[in-house]
Amino acid sequence: MTSSDLNWDAIVIGGGHNGLVAAATLAKSGRKVLLLEAGNEVGGAARTEEFAPGFRVSAVAHLLNRLHPDVVKTLELERHGLKVERGDFVPSIALSKDGPLVLHGAYGEVLTGASPSEQSAWQELRAQLLRYAGILKPFLSRRPLDLGGMSLAEMTGLGQTALALKRLGKEDMRDFLRVLLMNVYDLLDEQLSDNRLKGLLAFDATLGSHLGPRSPTSLLGLYYRLAGEIGGLAGAQIQPKGGMGAVVAAIRAAAEKAGVSIRPASLVAKVIVEKGRAVGVVTQSGETLRARTVVSAINPATTILDLVGPREVDTGFVRKVKNIRMKGDAAKLHLALDRPPQFTGVDAAGHRGRLVIAPSPDHVERAFNPSKYGEFSPEPVMEITLPSLVDPSLAPSDACVLSAVVQYAPYALKEGWAAGKPKFLKAIMGELETYSPGIGATVRHAELLTPADIEARYRMPGGHWHHGELQADQMLMSRPVSGWSGYDTPLEGLFLAGAGSHPGGGISGAPGLNAARRIIAMRA
Amino acid sequence: MNHHPTIKPSLDARTLAQSHFRTLRLGTPFQPRIDALGLKQEWYSWAGYRAPHSLWDEELEYFAIRSQAALFDISPMTKYRIEGADAEAYLDRVTLRDVTKLKPGRVHYTAWCDDEGFVLDDGTLFRLSLTRFRLCSQERHLPWLLDSAHGYEVSVEEETEAVAGLALQGPTSFAILRDAGFAGVERLKVFDLAEFAHDGATITISRTGFTGDLGYELFVPADKALSLWDRLMAAGELRGIRAIGYTALNRARLEAGFIVANADFTTSEHAIRADRLRMPDEIGLGFMINPEKGHFNGRRAILEARARKKLRHVLVGLEIEGNIPAEHAIVYYRKSQEIGLVSAAMWSPMAKRNIALASLKRPYGDTIVDDLWVEIYAMRELQYQKLMKKAKVVPRPFIKLDRRTANPPADF
Chain A
1 MTSSDLNWDA IVIGGGHNGL VAAATLAKSG RKVLLLEAGN EVGGAARTEE
51 FAPGFRVSAV AHLLNRLHPD VVKTLELERH GLKVERGDFV PSIALSKDGP
101 LVLHGAYGEV LTGASPSEQS AWQELRAQLL RYAGILKPFL SRRPLDLGGM
151 SLAEMTGLGQ TALALKRLGK EDMRDFLRVL LMNVYDLLDE QLSDNRLKGL
201 LAFDATLGSH LGPRSPTSLL GLYYRLAGEI GGLAGAQIQP KGGMGAVVAA
251 IRAAAEKAGV SIRPASLVAK VIVEKGRAVG VVTQSGETLR ARTVVSAINP
301 ATTILDLVGP REVDTGFVRK VKNIRMKGDA AKLHLALDRP PQFTGVDAAG
351 HRGRLVIAPS PDHVERAFNP SKYGEFSPEP VMEITLPSLV DPSLAPSDAC
401 VLSAVVQYAP YALKEGWAAG KPKFLKAIMG ELETYSPGIG ATVRHAELLT
451 PADIEARYRM PGGHWHHGEL QADQMLMSRP VSGWSGYDTP LEGLFLAGAG
501 SHPGGGISGA PGLNAARRII AMRA
Chain B
1 MNHHPTIKPS LDARTLAQSH FRTLRLGTPF QPRIDALGLK QEWYSWAGYR
51 APHSLWDEEL EYFAIRSQAA LFDISPMTKY RIEGADAEAY LDRVTLRDVT
101 KLKPGRVHYT AWCDDEGFVL DDGTLFRLSL TRFRLCSQER HLPWLLDSAH
151 GYEVSVEEET EAVAGLALQG PTSFAILRDA GFAGVERLKV FDLAEFAHDG
201 ATITISRTGF TGDLGYELFV PADKALSLWD RLMAAGELRG IRAIGYTALN
251 RARLEAGFIV ANADFTTSEH AIRADRLRMP DEIGLGFMIN PEKGHFNGRR
301 AILEARARKK LRHVLVGLEI EGNIPAEHAI VYYRKSQEIG LVSAAMWSPM
351 AKRNIALASL KRPYGDTIVD DLWVEIYAMR ELQYQKLMKK AKVVPRPFIK
401 LDRRTANPPA DF
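Going down the list, the protein sequences come from chains A and B. Each residue of the first sequence is one higher than the last, beginning at 1 in my numbering. Each residue of the second sequence is one higher than the last, beginning at 1 in my numbering.
Hints are supplied without guarantee of correctness; some may be wrong.
[To be verified] Over the 12 Å line for every Cβ pair with chain B, so calculated as not near, a few chain A residues:
| no. | residue |
| --- | --- |
| 1 | Gly276 |
| 2 | Asp306 |
| 3 | Lys320 |
[As the list claims (entries may be wrong)] EDC-like mimics (lysine to aspartate or glutamate), calculated; alpha carbons at most 20 Å apart, straight line:
| no. | chain 1 | residue 1 | chain 2 | residue 2 |
| --- | --- | --- | --- | --- |
| 4 | B | Lys309 | B | Glu269 |
| 5 | A | Lys275 | B | Asp114 |
| 6 | A | Lys320 | B | Glu269 |
| 7 | B | Lys310 | A | Glu124 |
| 8 | A | Lys275 | A | Asp488 |
| 9 | A | Lys322 | B | Asp147 |
[As the list claims (entries may be wrong)] Restraint ranges, calculated between C-beta atoms of paired labels, are given here:
| no. | chain 1 | residue 1 | chain 2 | residue 2 | range |
| --- | --- | --- | --- | --- | --- |
| 10 | A | Thr288 | B | Arg140 | 40 to 48 Å |
| 11 | B | Phe287 | A | Glu41 | 32 to 40 Å |
| 12 | A | Gly483 | B | Asp411 | 30 to 38 Å |
| 13 | B | Met388 | A | Arg325 | 43 to 51 Å |
| 14 | B | Ala222 | A | Tyr373 | 39 to 47 Å |
| 15 | B | Trp56 | A | Glu274 | 53 to 61 Å |
| 16 | B | Ala194 | A | Arg523 | 52 to 60 Å |
| 17 | A | Gly87 | B | Leu146 | 41 to 49 Å |
| 18 | B | Ala194 | A | Ser285 | 45 to 53 Å |
| 19 | A | Asp172 | B | Asn290 | 54 to 62 Å |
| 20 | B | Asp57 | A | Asp146 | 58 to 66 Å |
| 21 | B | Arg308 | A | Arg86 | 47 to 55 Å |
| 22 | B | Arg140 | A | Ala153 | 40 to 48 Å |
Since the hints were made in silico from the structure, they are not lab data. Note that the Cβ used here is the ideal one computed from N, Cα and C, for glycine as well.
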């Protein structure tokens, strides 16, 4: 008997972390689950990969700050090797020519390097940001409200949010509503004065989106970040030992324990549709696999336009899917260094943290400007980690790995990335040299992944790690498209479970978990 | 004081291209002939074209359809040329009826829906060859049709201006075409089409129409429109051919039981109010739905509405006592409960009945068909005579003429 004779309860397309979470959750409910991964390894953009002999790095996502607690609990990830301890939290350092400023603990529980008045202003703003992010938190984790037919559980959830809003008090509630769709730049101006701190927050709010700090709604990005938590603390971040691949390994172990069959090197070419119902898939090698439920944890546009095909869905739906904006604006840099770099004024603990080059909100805005017109930032902003300082096994002894997310790098670079990439790398190295003099001479190997490279390597259309811009018009009930935000699709039996679905990207596992819960609830 | 800018006369191309506002209603390629016959000067706007309500006498124009032959200009009808290897599959997905069953040389009446299953329009689909179609409709749909083409090898082009159209309807229509020299036209059965030579060009003649009578529709390149008109008029002189306006046609179509988009139902892109949207089952087009064919726009929503019994309206034919047309009358159940509205009504000279089309709220008109009434407000010398008349749901068409389908077509 060949595997094509088997009938699966569910086939999950795509072994990124969301696909693994969905598969594991479904398997734990007693379903027979097959997971098909196109690459040779699962993990997607959360893999740990060797980019130079002896140097390994987290592929795209390099910081863990939003793995959903329900995912950890449901899949018992701690039993499968995930370790998060308070001591693992790493600080964020705002690099500046005026000396660094450090946010310790969970997103700056303690701030050092700033004036006393700025410290107290920060404590106030931080408390407010976390309070407001806390209101949004349930919305940014659960399945979006089904405006058509709300279930009792949804009504209860909405009621709890209303209560949470009420608990804010009148003034605070008004302010919450006032600032909700504001740009981060103006909000920071209202409350802070230190450009280094404001630059860091402006960077965090716009990280991974095609927005500058002055773009309307840019504050939402900061809320999205702060709605995430790790180790029970909102805004905390860790550099996982073994890289992000270690987190994936824990989820994979949970999936295998639950009985998921994982098949790598199995690119899905087609979703089989019969009379409006998804009934299975055909792999690129021509194998037909049938299942009662097909879960796609890959990009929503790829799923609908390429695997299902526009012929099996309605014109209006195709229109919406084609209109999902997903042109990435961030690049990923990997450097193999002869020795650990020294960032000016940063202590040893700081070097194990997140180093941010975004010296002021204006600087971030100016970096954003050219990207609107298809050009990269001549003075890019970036967040840097040195993962081998946390886990020495990632680099040969005495050597060091540098991993950086760099903005802005528009997917559709006007001059083309073939010509632009060396120039952009030069611009990045120029910035690095400013904050870590001499670093350039220690580079043994450099790998710069532009959005075009990320697209090709990780099958992320547009090279966008959220699989669709995470902006107000593509969030919540409008993610991935309006009318179909609840993980189901117009095709019966086909569900979406990737970052393109609510709430969005980052290593959270929330879309995968929510999708699996939805499927389980529908059958119940 | 207001200064009116002086528009300098200029013949440059840009100015010429902006001349649209000088002609608020366009003429069709037949306009010189229609203007010459339009003694009453009663015009209306049909999709931006100047079209006649009536040319000389409403009553006699109607009877030209039923007793002679009527020539009606259908050029303003929106026409799309749809061509390509995937044209059949494309149209099968866009429209409701099974296009794989439409053979080359045939025409069918169909409709199309949006994702929610609400009707965007109805129209006729002409299969000119294996890979070439013409879709005719009331409203314009180019953006929808182009967006629907994603993933198909097909080209969609509007040809409303390039192709002029005539409807020749009535008992003597066949004889006129034969006498005009269109050899082989006698072989056309209802819903057949064929190409014929005319004035150095090729025209399409189909045995179709909007009257329920024996009749044909002719599609001609715009520059050959006038010579075709003259050819038909000459051949029809002794067979009573008459040019007619829309009022006469509208009566004939009502007798035939045909519905008109945005008259008997509101198309989904025009509807502003959510409860005005209609699914095919709600306007009598449920027969077009074939759940067994491939996917088509609106399928999921339509089948779900059927399964969950969410269909809320029904379009019915009514026969009303008396002889006063019940146009736009409110329909009541037990003379008191408002249940719908008449969208078209007339005293039918052919059926000798007072007929109407009405949209009713289910279950009225669906499972409850007794004790229905219409309230007719008849204006009599500045006073309404309010008439409560009994109405009966009757099948459509209201008249059935054997000559429409007779083969070979009769020579009157």
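| task | Report the numbers of all earlier hints that the structure fails to satisfy, in ascending order. | result | 1, 2, 3, 4, 7, 11, 12, 13 and 17
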